[in-house]
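Participant: Residue numbers (the working numbering), protein chains in the order written: chain R, 21 to 294; chain D, 2 to 176; chain A, 1095 to 1670.
These are computed hints drawn from the structure, not numbers from a lab.
Everything numeric in this text was worked out from a predicted model, so none of it was measured.
Simulated restraints, written as ranges between beta carbons of each label pair:
no. : chain 1 : residue 1 : chain 2 : residue 2 : range
1   : D       : Pro-171   : A       : Gln-1146  : 56 to 62 Å
2   : R       : Gly-34    : D       : Ile-159   : 32 to 38 Å
3   : A       : Gln-1382  : R       : Pro-160   : 31 to 37 Å
4   : A       : Pro-1405  : D       : Asp-170   : 41 to 47 Å
5   : R       : His-257   : A       : Arg-1148  : 43 to 49 Å
6   : R       : Glu-60    : D       : His-112   : 33 to 39 Å
7   : A       : Pro-1145  : D       : Pro-171   : 53 to 59 Å
8   : D       : Pro-171   : A       : Gln-1382  : 29 to 35 Å
9   : R       : Glu-237   : D       : Leu-155   : 30 to 36 Å
10  : D       : Ile-159   : R       : Asp-161   : 42 to 48 Å
Negatives, chain R to chain D, calculated, CB over 10 Å:
no. : residue
11  : Asp-107
12  : His-129
13  : Ala-159
14  : Pro-160
15  : His-164
16  : Met-167
17  : Ala-181
18  : Ala-258
19  : Asp-259
20  : Glu-270
Even glycine gets a Cβ: it sits at the ideal position worked out from N, Cα and C.
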Amino acid sequence: MVVAAIKAKDYKSGVKPIWCPGCGHFAILAAITRALAYLELQKEQVSLISGIGCSSRLPAYVDSYGFHGLHGRALPLATGLKVARPDLTVLVAGGDGDGFSIGGNHFLHACRRNIDMTYIAMDNRVYGMTKGQASPTTAPDWSHSKMTPHGTGVRRFQPAAIALAAGATFIARGYSGDPKGLTRMLVDAITHPGFSFLHVLSPCLIFRPDQRSWKGEVHAFAAETSDEPVAAAQQIHADDGMGLGIVYAERLPVWPPRQEPTATLATLEKEFLV
Amino acid sequence: MSDLLSDDISSVPEFLAHALEMEVESAERYRELADNMEVHNNSVVAALFRRLSVEGDAHAEQVKQRAKKYKLPSIAPWDFKWACPDGPESAAMDDVHYLMSRRQAVQLSLHNEIRGHDFYRQVAVGSSDAEVRGIAAEMAEEEATHVAMLRDWLTREIDDQQPSLVDLDPPNTPE
Amino acid sequence: MNADVPGLQPSSFSVAITGSGGSGAVTAGLILLEAAAKTGLYGLMMRSYGPQIRGGESASLLRFGDAPLACMSDTFDLLLGLDWRNAGRFAQEIPLDASSIILTDPTVGAVPESFSASGANVCELALTECAATVEGGRPNMVAMGAAAGLRGIPQETMDAAVRSILADKGAAVIEAATVCVALGYKLAPAPEVPAPGSTVNPLVRWNISGNEACGLGALRGGVRFVAAYPITPASDILEWLAPRLEGLGGSLVQAEDELASINMIVGASYGGVPALTATSGPGLSLMQEGLGLAVASETPVVVIDVTRGGPSTGIPTKSEQSDLNIALFGMHGDAPHLVFAPLDVRDCVFTTQWAVRLAEHLQTAAIVLSDQSLGQARAVTDPPVAFEQPFGRVTEMSPADDYRRYAQTVDGVSPMTVPGVSCGMYTADGLEHDERGMPSSLAADHYRQLTKRRHKIDAFDFGPQWAEIRGGGDLCLVCWGSVSGAVFEAADRMSNDGVPLRVIALRLLAPLRRAALRQALAGVKQVWVVEQNQSGQLCHYLRSHDLLPVAPRILAKPGPIPLRPGEIVKAVIEQT
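Hey, can you work out the whole structure from these sequences and the hints?
Facilitator: Printed below as a string of structure tokens:
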């Protein structure tokens, strides 16, 4: 009998997640371990970087290197790590608040740079960790938060549209209730050379029990993956935000370009001699 | 093909690879749920899921024994031919709640076992390969005993009413 | 560290050059500096300018001497006025007296009262007319030749300096400049005094700016990753480092903001590569949360803060020493870390290198408080000492099964794995954690980790470089960073006048070497704390630790005007 070299469950650290029973993040964790196993990545070569929030707890549950950093700052931390250590496989995980509110600026520039890493935004359209405030992806009329008792009244942040405009070269949407599709997208995202943005709908059943309806609302994107930004933009804008699949994937030069050393410190210091 | 089987499983090794994955994932899922319930202090349901994970390990071991003499194909996670999101016997993570009762947990598990049994039955009926149909039928029989066991457990649950999933305490903010 | 013999007054002369609208005051200054260096003189050059990006008024401030120079003198001997447009803005930075000379072309206008009121002698030269006789000739080159001639700098040396500084401007420009310089020599009155040091055999000297020196110190310390956001007056460090880091196989990332910068260097450092950023006050404010992450997760990082006038946007182009408080206390929580301040331009190399090595070894954040007066000054100085690096990052390359990233150890430093090392996986965290790095809110874990993070720094033997201590006596001047140059010179003057005193110039501000400081202050009956800020930040810091044997006197003067030796002497003598 053939046994796979490293199984998905081997990537689990054994630390018991504190996510509530019913949380969509469990399925994402499972899909990540399956994708890593499928790709046969050595554990010590994988680094999982996160910010603050329920989804950002993920690195502790994976037996790889990780950094549970500051709220909104996972992408720059991951960028520094990947530029200094291009040999590593770098995955970034975080929620909708972490990524699109406080992290919004870094999201734009990370997409722009096209660094070879994978950003998994686990979107439950709420700030779960801090008791259920609205997030940038919450509908303007959702009025269940005491902090915005009439709803935010502000239109939703559009992650896929903004990722495309900001220059991400791989944009996909998955759903925690579709583990097969999600695992496959993760494999494609990780192997894509460049910045992969994977937007995952992941219900929070404690603060957004209404998200049980997502099961019936998700659907495939109308068209196949495009490598053409205008077509992809039309696809994204025509979509209701529940479309699943890889909507855009394009090969562009990965940043930064690698260079070999050409000097020594001793030669550099000569420039100061009078 | 049929509602749980998305495509023809046409060889014994392929079938056993599916069966093994199903059992292993189911046991692993119960283990995960047991841990999760423990962390959330629902010890009654945790114990139930723990027991089911042990049963699941045993089933998985049985399938491994059957599969010993074959070289199983390596199947990509998305290529398994069941038409449900996870393995047919895996409890869906979003069907649980930290305040759920034992009765609800047994109901969930029964649902999964029935689905596992139905999957085998559909292969037993629909596979293009006779040997596959044979083995699938055997395994469907085994599953039927699991189903019976759970139905039995269910009759012994004596909740009179649906438990309230309402927690009187406010939520915490760990970070 | 300065290699000069303590107690000798630098015999020096100072030249200021003002001009506007592209008149070339800066270029002239750079050439003079280079020429003086070639004759074996030490030198220091600073610049001042108006708010325009181009065409604004500009001043070069130079000082030359036969001993290393770490501050501007009390007055300037020579002022070259290429023109006088808005030159009044520089009056406070170019103090003159009756012995000063103002070289100017009368056709550009009268010497402003703010300069002439000093009683300086005005020497009129036909600079414009002279320059007009040369194709492509510029008055600043004529003026420069006159100044050089006045000071007895050999003409061949000037020519070599012209060729060096104008190398990338093309042969025609160099030729025109050389001819103008020669004309200037002819115009100059006979040398007043022989150029100090011109008989000294030129030894090996360096011409380096404070910002370049910080960059070099970083590279010597092993930094191979920098992420930063441009900010005046720190951008020079980044521009110097960018191509050189690349040449050494490292990287510089221009980040989208300072929040990204600090987090990027934490990430790179976590990956095993020594990492650094450079900024100024506003950027340091933004970085506080990231610095705290470095401290809590025990990830080495270095931030160079080239301080400027504060608070808020403040005065970006002028120096001030008002970031001590935020460097010491800016992080929330109890977050022990390292704070350094180089004492002069040359010391920027050593101090930055030292900071990098210590941050790496002690797995913490280090802030290096340079400032605009160091960063953007050019010094002709002795080459910086080579510093043997006896300590660095303590790594674990073959972790045992039960590897604990934050294990308790005798010295508080726990060996760190880096991504790629098998069996050494851990998730670094800003959350308080147990020995394995797992988040914990338990009291025992918090006490343990707080103690570890404090102990590793407190227990470390930093050696004698924590301060530069000179002299003796019961009068003591305490200072830090760039103001030390003026303090040392004031002390030398007072010493020569029969007032014995000691100077303690702090290079390591956090942790405070309390025992060593008490020892250095033993027997002191009068203490002055001298610093360039309004509130006396160092003074209050030392007082809060009960380190001063008597109630101190404070000479705390905010920027933008530098402290001069003379005003320090005056303050101390008057109040003694």
